[in-house]
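K.L.:
If you're matching them up, the sequences are chains A and B in order. Just so you know, this note's numbering puts 244 at position 244 of the first sequence, and the rest follows in order with no gaps. Just so you know, this note's numbering puts 74 at position 74 of the second sequence, and the rest follows in order with no gaps.
Simulated from the structure, these hints should not be mistaken for lab results. Idealized CB from N, CA, C, for every residue including glycine. Worth double-checking, as some hints may not be accurate.
Away from chain A, derived, C-beta distances all over 12 angstroms, residues of chain B [unchecked claim]:
1) Ala144
2) Arg220
3) Val266
4) Tyr275
5) Asp297
6) Tyr305
Chain A is nowhere near these chain B residues, computed Cβ spacing over 10 angstroms in every case [unchecked claim]:
7) Asp62
8) Pro83
9) Arg177
10) Asp180
11) Ile218
12) Tyr219
13) Asn248
14) Thr282
15) Glu293
16) Ser307
With the Cβ distance kept under 7 angstroms, some of the chain A side facing chain B (calculated, not the full set) [said to hold, decoys possible]:
17) Phe231
18) Ala234
19) Leu241
20) Arg257
21) Thr258
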Amino acid sequence: MQVYNEMYRNQEVRAEYHAIKEWLDRHGPEALLERSSEAEEMFRRIGITFAVYVEGGDPDRLIPFDMIPRVFNAQEWNIVESGSIQRAKALNAFISDVYGAGEILKAGIVPEGLIKNNPAYLKQMEGYAPPRDIWSHIIGVDIVRTGEEEFFVLEDNCRTPSGVSYVLQNREVMSRMFPQLFMGGRVRAVDGYGDHLAAAMNAVAPANCRGKPVLALLTPGQFNSAYYEHFYLADLMGIDLVEGADLFVENDVVYMRTTGGPERVDVLYRRIDDDFIDPQVFNPDSMLGVPGIIGAMKAGNVTLVNAPGAGVVDDKAVYTYVPDMIRFYLGEEPVIKNVPTYRCDTADQYAYVLDNLAELVVKEVHGSGGYGMLVGPTSTKEEIESFRKKLEASPANYIAQPTLSLSTSPVLTAQGLAPRHVDLRPFVLSGEGTVMIPSGLTRVALQEGSLVVNSSQGGGVKDTWVLNEGWL
Amino acid sequence: MLSRVAEGLFWMSRYVERMENIARLLDLGRRMDALPTRENAPLSEWTSVVIASGCSESFPHDLKTEANMATVADHLIRDEGNPSSIAACIHATRANAKAMRIALSSEVWEAVNQTSSELRQQLQMNRDQENLTAFLDWVRGRAAIIRGTISGTLLRDQGYGFIELGKWFERADATARLLDVKYHVLLPSVTDVGGGLDYLQWTQILRAANSTRSFRHIYRRSVDPEGVIDLLVLNSKSPRSLLMAIRNIYHELSMIALPEDPKQQVVLAKIRGRYTQLMDLTVDEIFSIGLHEWLTDFIVSTNLYASETADVFGFGAPATQSQDQNSQ
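Taking the hints into account, I'd like the entire structure generated from these sequences.
P.N.:
In structure tokens, the structure reads:
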């Protein structure tokens with residue numbers, strides 16, 4: 001299988017990577033390895049960690065950081081950016097539609113049963129109309145590349161996508177360690193994410209908000225794997241980082257408990273899952289959420305970012321209809337295609353999947369984090385057969401995709417540079433407009449040949465550069 | 001500010017102060033251990049160290065017969081089951097700092113985080129067992145660095161006020177307990193005793209309070225009980241005196257208490273009362289009440305002020321710990 005290595009064009013190092021290549025030639029990979037431990041020290045000191053829930057796991061594990069940046073030129077980025085923004089608009093239109101009039105279901109474009117029977121579809125949210133009709137204010141679009149201008153969307157994350165703090169911190173560390181590589185403004189800056197996010201939150205202040213909206217970020221607390229990011233984003237915006245117990249609802253209004261008494265909250269960026277957010281409406285055992293907050297939201301007294309129920313489009317079976325959504329709501333053709341996907345709830349497609357397990361990637365429709373999936377070509381016969389049993393037990397729970405030859409990017413190993421597979425998660429912000437910072441989270445599989453890039457499965461991250469127009 | 005954040009800052013600061021005070025107490029024990037023992041002394045030095053640290057309940061051995069350098073140092077340094085051990089204090093400091101990072105500068109966080117990772121190395125290398133003094137110096141050094149980053153980098157806002165409150169409440173408690181050591185080691189009545197050993201023991205208490213030099217500066221005479229009590233209780237210049245602690249508690253509280261909040265004003269008035277009372281007090285009056293009795297009353301009432309302060313700023317109830325939740 002032909003694998004596209006992003007650093008090369010016809011065996012030549014691409015001009016986009018010349019500055020990095022020159023640095024490497026001058027200093028040698030040993031110098032980079034040395035810097036690499038310096039960078040790790042920097043990350044550990046700032047405390048950027050990602051907890052993984054396995055027995056005996058280090059609660060403050062660092063995500064491995066690879067020092068070779070991944071570079072996009074302006075033209076390539078244009079594809080990524082316009083494609084992601086287009087998708088975000090269509091996804092928000094779709095969520096509004098399915099909790100409202102249901103036009104796309106009536107038109108028979110998306111099967112009603114797939115939505116209404118979906119565990120991520122929240123009946124309690126029917127009829128709710130969030131400010132500006134935005135349900136998912138922050139969307140992470142997972143994109144893979146197979147050729148120079150060949151991109152595919154792998155999945156959408158409309159629930160509560162995480163990872164943006166790494167984008168900003170990776171850049172911070174890189175620019176401290178290699179200031180000369182950033183000279184002259186060739187790499188577009190990533191500053192401003194905090195301003196964009198705060199602006200988006202201000203733009204969706206609830207109907208009954210008077211004056212300047214009070215913003216806050218709701219975290220499950222310091223034991224959550226993404227706690228660092230919660231802290232980081234709240235700090236970036238200069239807003240309070242609250243836990244469920246800091247908030248209470250009285251007469252459908254949300255307040256924080258402060259040393260000066262109760263203070264009203266208008267817009268809440270919540271990093272707690274739907275199921276836990278309000279024990280009165282969802283999981284009654286939740287200790288993390290805020291009883292009554294959904295009532296306050298429906299009364300127009302608080303806006304939740306992202307709105308509960310937005311996760312219905314994260315489902316991998318619903319994903320297959322996103323190109324149709326783009327045509328239906330925007331009247332456009334998708335800029336970035338979906339990966340061709342076989343739905344195992346459809347007889348002929350299921351039969352094909354069963355016959356070709358060894359060549360396919362099979363995923364659970366509700367799964368995330370790289371758990372519960374089969375990568376046919378890199379699995380043993382036993383693994384494939386045991387997965388077949390799970391698949392046969394509930395076919396509708398799975399989709400399958402051809403194994404894409406994901407592009408590779410060079411990483412630093414003890415033996416020098418080596419190619420490893422990468423993907424990209426840019427973050428789209430929706431408020432008054434729909435915007436993106438010129439970068440995203442590049443995740444990299446650190447095992448040779450591996451296609452699994454999730455940090456919970458041992459993947460690493462890289463700094464992602466977008467070159468200014470004129471710098472190729 | 002959020003009540004939970006105020007609480008976290010308050011306790012983070014108390015634990016930093018406590019780890020240093022425990023180190024000072026252990027140093028005191030080591031110094032007193034080197035002195036000749038008085039035959040009719042009711043308790044050994046190490047027993048008194050455990051009592052002064054407030055750990056007699058958690059001490060896992062017989063307090064009267066089995067308290068020695070090894071058992072006491074282990075309980076006050078390593079024992080995670082003892083919430084006042086140095087290891088537990090450092091962990092609690094880090095846990096509070098991590099949860100309250102939004103209210104801290106990166107310098108404070110890095111100082112705390114570094115302390116926690118160095119502690120692990122220190123204990124792995126058995127530094128506390130092989131060179132106790134060096135280990136205790138390290139603890140005091142780390143406490144000084146954390147305090148330095150706090151005073152050098154934090155905004156002087158409400159959060160800073162709660163950090164200061166935590167420090168002074170803890171120090172008031174620790175100094176009072178330190179003075180009470182004398183009661184447990186020697187006879188209940190301070191004035192009954194005298195002579196060379198008595199002098200040496202009072203000197204060690206001054207040392208533990210880092211106040212030997214101050215004593216010479218202020219009183220220009222050799223160490224005596226009246227002087228030590230005047231310095232550590234009533235002196236208005238000593239950073240470790242009870243008067244200084246109460247004055248700072250009053251000052252910090254008056255900065256953050258809201259004029260329109262009657263409950264906060266009531267607590268402020270009570271502490272103001274205590275402060276003026278201390279200003280008028282003399283060493284003779286303390287002796288006539290009995291040093292131990294007076295100190296016991298001081299410790300109890302100061303702790304009461306601390307919990308009333310927590311109540312009126314909305315963090316009186318026991319803190320709720322967030323449960324683990326794995327979200328995408």
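K.L.:
Compare the structure with each hint and give your call.
P.N.:
Evaluation of the provided hints:
1. Ala144: Since the minimum Cβ distance to chain A is about 19 angstroms, B:Ala144 lies beyond 12 angstroms and the statement holds.
2. Arg220: holds, 45 angstroms
3. Val266: Non-interface label stands for B:Val266: nearest chain A Cβ at 16 angstroms, farther than 12 angstroms.
4. Tyr275: It holds; B:Tyr275 is separated from chain A by about 22 angstroms at its closest Cβ, greater than 12 angstroms.
5. Asp297: About 29 angstroms separates B:Asp297 from the closest Cβ of chain A, which puts it past 12 angstroms; holds.
6. Tyr305: Answer for B:Tyr305: holds, closest chain A Cβ roughly 17 angstroms.
7. Asp62: holds, 37 angstroms
8. Pro83: holds, 19 angstroms
9. Arg177: Holds, since 29 angstroms exceeds 10 angstroms.
10. Asp180: holds, 33 angstroms
11. Ile218: Check passes; 38 angstroms lies beyond 10 angstroms.
12. Tyr219: Non-interface label stands for B:Tyr219: nearest chain A Cβ at 42 angstroms, farther than 10 angstroms.
13. Asn248: Consistent with the label, B:Asn248 stays out of reach of chain A, its closest Cβ about 19 angstroms off (over 10 angstroms).
14. Thr282: About 37 angstroms separates B:Thr282 from the closest Cβ of chain A, which puts it past 10 angstroms; holds.
15. Glu293: Holds: least Cβ distance 36 angstroms, greater than 10 angstroms.
16. Ser307: Non-interface label on B:Ser307 holds, nearest chain A Cβ at 16 angstroms vs cutoff 10 angstroms.
17. Phe231: holds, 5 angstroms
18. Ala234: holds, 6 angstroms
19. Leu241: holds, 5 angstroms
20. Arg257: holds, 5 angstroms
21. Thr258: Holds - the Cβ of A:Thr258 comes within 7 angstroms of chain B, reaching about 6 angstroms at its closest.
Consistency note: the structure conflicts with none of the earlier hints.
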